[in-house]
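Here the numbering used here is used: the sequence shown runs in plain steps of one and ends on residue 642.
Read the hints as simulated data drawn from the structure, not as lab findings. Keep in mind that a hint or two might mislead.
To be verified - Dumping the calculated SDA-like pairs for lysine to any residue here, alpha-carbon to alpha-carbon at most 20 angstroms:
1) K577 - E590
2) K582 - E597
3) K539 - E590
To be verified - Restraint-style ranges between C-beta atoms, simulated for each label pair:
4) D619 - M596: 20 to 26 angstroms
5) Q565 - T508: 33 to 39 angstroms
6) V634 - Q565: 27 to 33 angstroms
Model, not experiment: these values are computed from the prediction. Cβ coordinates follow ideal geometry from the N, Cα and C atoms, glycine included.
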Amino acid sequence: MAIRNIRELGDDILRKHCREVKEVTPKIQELIDDMYDTMYEAMGVGLAAPQVGILKRIVVIDTDGHPYTMINPRILETAGEQEGSEGCLSVPGKAGNVKRPNYVKAEAYDENMERYEVEAEGLLARAICHELDHLDGRLYVDLVDGELYDVETGDDDEE
Numbered sequence: 484m485a486i487r488n489i490r491e492l493g494d495d496i497l498r499k500h501c502r503e504v505k506e507v508t509p510k511i512q513e514l515i516d517d518m519y520d521t522m523y524e525a526m527g528v529g530l531a532a533p534q535v536g537i538l539k540r541i542v543v544i545d546t547d548g549h550p551y552t553m554i555n556p557r558i559l560e561t562a563g564e565q566e567g568s569e570g571c572l573s574v575p576g577k578a579g580n581v582k583r584p585n586y587v588k589a590e591a592y593d594e595n596m597e598r599y600e601v602e603a604e605g606l607l608a609r610a611i612c613h614e615l616d617h618l619d620g621r622l623y624v625d626l627v628d629g630e631l632y633d634v635e636t637g638d639d640d641e642e
């Protein structure tokens, strides 16, 4: 397992449509493992394959200690609305106000290519929407209401 480089805003791969996964090969399993390692190392709650340079329909999400591997995911149903601050590992140090559904029902395949459904609210619903957008070349910066703003990184450096 390894930490992969996270592609940042401006990298063309982040704007491309990802291809479906037909089977979980050892190479795909290694990618998934690396995506979890990379996400946790960067202290993120989700990561999509294009963010590490791979145009496959794979995302990993962990908002509360219950990780989800989502292969070929799609949203089946949404309801309600939430508005809040959103950031992205591909847009470091920035955040913006984004409206998302408060409830999401999605289907995906796990690492054994077994179909499952997940119903989510709040942060997990936001994360699912955010990560699935990556698979179609959309970024949260396209949805920001107002301007992006700097987030506190904990560094004491001043410009």
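Cross-check of the supplied hints:
no., hint, in the structure
1, K577 - E590, "violated, 30 angstroms"
2, K582 - E597, "violated, 31 angstroms"
3, K539 - E590, "holds, 16 angstroms"
4, D619 - M596: 20 to 26 angstroms, "holds, 21 angstroms"
5, Q565 - T508: 33 to 39 angstroms, "holds, 37 angstroms"
6, V634 - Q565: 27 to 33 angstroms, "violated, 19 angstroms"
The structure fails to meet hints 1, 2 and 6 from the earlier list, while all remaining hints are met.
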